[in-house]
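Undergrad: Here is what each chain is made of, one letter per residue.
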Amino acid sequence: MTTHVGERVSRVDGRAKVTGKARYAAEHAAPDLVHGFVIGSAVARGTITRIDASQALALPGVLQVFTHENAPRLARGDKRWRDELAPPGSPFRPLQDAEIRWSGQPIALVVADSLELARHAASLVRVEVAPAPHETDLEAHRERAYKPPPHERPSVTPPSRGSADKAFARAPVRVQAEYRVPVEHHNPMEPFATTVVVDEDGTLTVYDKTQGVQNVQSYLTTIFGAEAGEIRVLAPFVGGAFGSGLRPQYQVVLAVLAARQLQRSVRVALTRQQMFTIGHRPTTWQRLSLAATRDGALAAAIHEAVAETSRFEDYSETVVDWTGLMYRCDNVRFAHEVVALDLFTPMDMRAPGAMWGVYALECAMDELAVALAVDPLELRLINYAEHDGNEKRPYSSKELRACYHQAAERFGWSQRDPEPRSMRDGDLLVGWGMATGAWESTQRKASARAVLTADGRLAVASATEDIGTGTYTAMTQIAADALGLPLERVTFKLGDSALASAPVEGGSFTVASVGSAVDAVCRELRSKLLKLAQQLEGSPLARLRPEDVEFIGGLLRARADPSRALTFAEVLHRAGIDHLADEVTTRPSKAHEKYSRYTHSAAFAEVKVDPELGTIRVTRVVTAIAGGRVINPKTAESQVIGSVVWGIGAALQEHSVIDHALGRFITHNLADYHVPVHADVPDIEVILVEERDEIVNALGAKGLGEIGVVAVAPAIANAVWHATGKRIRELPITLDKLL
Amino acid sequence: MNRFAYLRADDVGAAVRAVAADPSARFIAGGTNLVDLIKENVERPTRIVDITRLPLGEIGPGERGGLRIGALVKNSDLAYHPEVERRYPLLSRAILSGASAQLRNMASTGGNLMQRTRCSYFYDTTTPCNKREPGTGCAALGGFNRMHAILGASEQCIAVNPSDMSVALAALEAVVHVTGPEGDRAIAFAEFHRLPGDAPQLDTNLRQGELITAVELPALGFAEHHAYLKIRDRASYAFALVSVAAALELQGGTVTEARVALGGVAHKPWRDREAEALLVGRRVALEHFQRVADALLQGAVGRGANDFKIELARRAIVRALSHAAGRTSRDDARR
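Protein chains in written order, with my numbering: chain A, 1 to 739; chain B, 740 to 1074.
Any given hint could be a false lead.
With a Cα cut of at most 35 Å, we get these calculated DSBU-like pairs of lysine-lysine [what the hints assert, rightly or not]:
id : chain 1 : residue 1 : chain 2 : residue 2
1  : B       : K813      : A       : K17
2  : B       : K813      : B       : K778
3  : A       : K531      : A       : K493
4  : A       : K634      : A       : K21
5  : A       : K17       : A       : K445
6  : A       : K445      : A       : K493
7  : B       : K813      : A       : K21
8  : A       : K531      : B       : K813
9  : A       : K166      : A       : K147
10 : A       : K17       : B       : K778
11 : A       : K531      : A       : K590
12 : A       : K590      : A       : K392
Hints are computed from structural coordinates only; laboratory data are not their basis.
Just chain B, with the same shape it has in the complex (with noise of 0.2 Å):
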């Protein structure tokens, strides 16, 4: 834990302002990351500008029959939405399958986007992290990677996003709203969290002062076709192995779009339009379920302890699939 300057932000303005000029500082809500962080040294903050006052705490409409998520709004508050939970109920299970109800309660939208790798190492600083300090080494790549990623890593990190709630994003294909010194922008969320690359200290592709002021989901919210399914090494409060989020359009049992979001398995939530695009125009069967589930998985990798997760992520992708088209035949024969 260091010293740092706290300041209570007003507006937006003044926010972004006071964090663009300042490389080491950070914007905090919640808290429920970045504060552990600061107390075990992963983060140095030099400033800590508080935007929980800011006006980014409301939902509602947004852009061509979408809804727009401000910033602020607490996991709970969003989950518990009547609008998400009717037209949105994907992202609805995600963000109730994180965490523990208290720490829902404190957390909001954008720092829940915002929240860091669990890789025990990130968090520990006595052991070499290229993402804590580049440079240093991965001590995961031969250490304990159970957790780590089978995706889209690099020989300078395995680590992965933790957020369920970005995997519901992700397959959603929101859009995240953000200001900064150079104005606002619009970025698409598969373009928000990126690859470790040989940058693993980077998360996200955010510009230094930017801030994340809502999220926007588009108007087609998969409320008929869709499950999220995690799997992870206890019931609740844990972090996922695998998590899977899909999401069909069905017309008489063809599938019109598909979209597949898994979590866990890289370092940020996993896409493959080209796997999708291999259910578009198929019937729902399982054969076309194992299809995606192996294009998705290509060129997954395991580290030794996650090797696991391959096979796991395959049979994952499948029954969540299966459940998503599944709910549509059951209360399609109720009706």
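With the rest of the complex left out, here is chain A (with noise of 0.2 Å):
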């Protein structure tokens, strides 16, 4: 029997999106189609005192300049303006007061028949503000942190466990260590946009770039008080988004005012520079604080961080848990709070929280090593968790070891002087690093509804998104695995708010969300079809048993005898009906209370250092991952390897500067904000590492979005130790850190 599930199939998406076919939110069009251009504040905090539009509304073709003095009032009370994954707090709400609160906050929408008219005419809107003083430094204003209020995440700061700082002053072996990371922009190919169509009964189709058409639907709907029939959100296609399309953007809510009240077709799409006046991944202080006993093993373990948030919303992410989690320990102490600043607030970027907290752990863990003059590697292996310490509790799988064995022998570990500076390549300082990753594994409730037809062709649907995750694919490859049909024969539909229901995309949860359903609505159309298959009149199949019967090629056939067959179209058309349909709703099951369930990594990183000038290059990383079974090893290593070049680029390259006098972002373009170019992407070997999970779902899939970036930053970071014998601590490591 034929499976697409674990093949490498090529994206059936892929021939749209080279040909110019697939088209994103900013490039629907529709007849009356008028632009808009955002203007944003100056400055990072203030009083809007007085905005003249006059110059921009004489120009012939500005239809409109919305202010907060003229825009409608939008719901009241911060419950309406909270989306789906608001943190606690009192949401922005785009031109409703003259506050400004972050540098860059949209302050007025410009709207003409032009782009370029609008953007002309946003260069004439006249500004005064009564400035007040602004705060956006975290280090400096770190005493003012306080604990956040809990937040509706699948993880909450554990409870501290034993005494960890008895434990860590008796201790023989001690590390200590401050890291520091800067703020990191999602900077996804494709700026936020949105096309709103004016259709002809009044109600909205809204193109949106986002991770949640359902999210963006329920919250436009909620703050311009329509009904649920009135609005519909459409993302079919997605130019990348990392987390920052998880939660509706202000341009949208922009689109949409200006849609209603011009009774006209709008669109606004935020430039490069806009797309740092958006949500972000924070900045973090933190200190870890390791202690060992002579042979390797942690006596204590001490994670404080303290990272920044906005004044209105209170963001957090789970920064200090990976430490009680991924290693042994019994004397565990977290401490994590946030600063409020007067930034947008943070959001969700690609592993959010494990990227900054696995960084600091996995680097003190690095450091830890060299103390004790152990090899990192086997650091690790003397303190492997077998159990989830923080939950005290089985992992539902855990090929963390596999990971480890197979990444070192094909890197080639063994061969590795521990001396720092101790490998060279000619006049090039050669080291090796390597780090431990993790990322939760979770299955959210999720809808799918599927329609075989007479023809014999399957279509399935999920409100779900392809952020240029592959879902499309992987959803098609699950579809037609469950009913035994050709890949050509199915098609997966979603980006569309009028689906069944599916949660955002995001949290590496969608293929074992949506997946889920998309296998149990699939598996029972099967049992229907044989249902049917079995009543005809002389049916072949009759009396079989399911387990008896094979689907395969859009056939049903006896497995005994496969003269006994009958195809999809042949019952559907001798019973009497066109279609075959249902909508199957799934959840996760009970057995995970039971269990914590994570995908887990090993990175191993090899970087040549110019010991004069202090030039860096990433000349070689392989990574192992075990993250359950692998629906489709081409999209899945194509996830890994993006994770790799993202890992380079925190380690070496990103960094969102501040400049604190002015509170805003200063390095607000591609050319000032760096990500790794082909040039500094070296050989990324992926391994997939076999790991059976019957826990997680059905389908045995943990998600593999994320758990790709987690290892990398720090491998690389004590890869450069290892070369130069300096401990950076400080993210992005650029030469001059190192002259």
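From the two separate chains plus the hints, produce the assembled complex.
TA: What follows is the structure, encoded as structure tokens:
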């Protein structure tokens, strides 16, 4: 029997993407379309005292300049503005008052016949502001840190255990270090954009760049006080998002506001500079205190973190938990606090929390290995956690040992000379470093609808997204296998708020959640089809048990006798129906409560450093991932390769610099905000370790969107230490820090 | 972005007249820098004069055995031109270390000389910038100045010239041919760009309406002994923290002519003839290179985030001169 799950299937939407047929949010047209351009505030805090739009409005073709003075008052109350992923607090409401809360905050929307005209008119709008003092520097305001209120997240900071401080003081081998990480911006290739098409009956079709069409749809209907049927949100293609599209962004509010007011179709797209006025990965200070016995067993672990949030929302992420989870240790103390600054609320960004928390932990583990004179990999094996120490329960599966062994073997780790500055390639210093990664594997409630038609085709749909992750392809594979159909007879539809409910596309849970629903609904159709087939008069399959019938190539066939078969089309035709449909909702099983569910990784990196000039090149990365069953090794490897590139960026390049005098991100374009270019990306070897897991979901898939990034930056930072003997505890590691 | 008139010039005279008459008019060729600046309201030209149809796209022999490069020759065509690769490989290397293939395919020779600083504040119209708006101040002085000048800056402006090509042209002592309302003139490369002083809004010594028609390379191309070393924050598609164009003439291991131009450190490609002269008559040796580096960096001032560039430049100069000299010795040994 042919199966598609587990095969290297090329993206089913690949052709549409490379030929330009795939349309993104700003590419949808409407005959009456006009263009909005956002004006952002120039200061970080203050009150708008006057907006003079007269010069802009005088230009022929300028329709309106929306400001807090003339924009309609939308919903009242914080609760109505809280989208599905909003942290506690008072969400930002565009154009609802004169207050400025961060630099770049949208304070007006110019709408004109053309984008160029709107942009020009925007430059003519005069804004007067009474500025107020702002604070944007986390380090300078760390004394203001407070414990954020609990957040509806998979993990609230777990309780400390044992007596970490005492154990730390008593232990023979100790390391304590502070680690600093900057703000990063997601910078997907596709900027945030919305095209609102006003239909003849006045309903709005909103093409939005988002990771959650239903989240945006319910947000919009609530804040605009609209009926559910009045607004439909579509996002069939998304050009990357990495978490930035989990919450509705301000441009979607502005575009809908303008379209409703003008009763015309409106498009609003952000510029690259404006992409630095939205959520970001928060800058975070951390201190790791690790202590061990002489034989390397962890005696105490203390992980303290202070991260930024905004003045109006308490964003927090799981930074410190990893230290109690990843290694066996009886004495663990966690402290996680935030400082409210005059910046926009941070947002989840690929592996939020783990990115910074595991970076610090894994660098500290490297420092501890040096202090103990133990191989860094050996230290991790000594302290291998067989169960989750935070939750005190077993893992549903954990093939991390296999990750270590397979990646170390491929990398040649056993050849490493532990002495720093000991390995060379000509004049260059060579460094080898490694690190461990972990990320949660979750499943959310999700629904899928499937329709099998008389022509033997299967159409499956769910309101999830494909943000470049391969959702279209993976779901097509799962559906095809459940009914034994060739891929080309299966279509999967997503990115439409009118489809069966699905959670936002994030958290690495789409395959586990939506995939489970797709699998379940297709299996439901399979049962129905079999029942229909067996009820047919003179059915060749009558009285066979389900397990004695196979579904293959659009046929139902007796396993024992291939001549006893019916095509799907025949069954429907003879049963006198033209299609068979069902919708199924799946939820995490009860077993989830008894097990901790995580993906794991090990990354090994090689760097070459010019000892005089400080230039660093990553020359090799080998990473092994244990993420349960792999639906599509091709897209899975792509995910992990992309993650490694992200890790290189985090380790060596990415940095949203804030000018604290101005209270503004100043590296706000892709020339100043560096991400790796091709020339920075070395050979990346991805090993997908076999891992069976019958707890996580029926598919056994754990999700691979984030795990690949977690271990990379610390592996590189550790390699830089090994090459140079210098421990740089602040990312990114730029050459000036090595001079 | 503002509204502007677009004009396509049919001949050089018409182009010059169209811009000379209007102080806020701009020539446009590849547009790789100007269009960005217009979009962000940094440049607000009232008139754009498209010069891409002018007959300035040829590379041919110059006077006294040199090479004359038309102002509209694309950066990539210039870098890969066989005569340039053979006689002026330093220029070829410098060009290819700049921008990206796509940008080099659009950018022109004259435009490369005219590209404006990449100072983040210059690009952000909400911030003070004397170069963009004289008299508003310099946010980089006390702000994010990692990329900024260590030499020749003023309290008005610490921006740097971002060009790689210009660093090589400075080392090669190219001549810039321009034509303007008052006729043609030739400008020595060292005189083309200027230091910020108290008029940082001016990047060059071009007069209103003057158009670059060609860049001429002298016969001496240092094809044997040269190096272009660019140090940056990623392997490609990044502006230089420090770059060095080093060129030597050697006779039996003794330096007879030396050029060192620095990029990424000043408002213009940085040269110091007295420092270069320290090498002439000397044997190729590290200590002499170090002395040149010290001399070149005399008076270098860091502004905080860019302090490291002084030491980085010192090491880069020594490295580039060693490469330039070393390339020879290996070649010589092979012969």
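Undergrad: Please go over all the hints and tell whether each is borne out by the structure.
TA: Verification of the hints:
With a C-alpha separation of about 31 Å, the suggested pairing of K813/B with K17/A holds against the 35 Å cut-off. The straight-line distance between the Cα atoms of K813/B and K778/B is roughly 23 Å, inside the 35 Å bound, and the hint therefore holds. Between K531/A and K493/A the CA atoms are separated by roughly 27 Å; this keeps the pair inside 35 Å, and the hint holds. In summary, the hint linking K634/A to K21/A is supported, as the alpha carbons are separated by about 23 Å, within the 35 Å threshold.
Restraint check: the Cα-Cα separation between K17/A and K445/A comes to about 30 Å, which is no more than 35 Å; the hinted pair holds. The suggested pairing of K445/A with K493/A holds, with an alpha-carbon distance near 18 Å, which does not exceed 35 Å. A threshold of 35 Å between alpha carbons decides the hint, and for K813/B with K21/A the separation of about 33 Å falls inside it, so the pair holds. Only pairs whose Cα atoms come within 35 Å are accepted, and K531/A paired with K813/B is rejected, the gap being roughly 71 Å.
Between K166/A and K147/A the CA atoms are separated by roughly 23 Å; this keeps the pair inside 35 Å, and the hint holds. At most 35 Å may separate the alpha-carbon atoms for a hinted pair to count; K17/A and K778/B meet this at roughly 28 Å. The suggested pairing of K531/A with K590/A holds, with an alpha-carbon distance near 29 Å, which does not exceed 35 Å. Pair hint K590/A plus K392/A holds up; C-alpha atoms about 17 Å apart against a cutoff of 35 Å.
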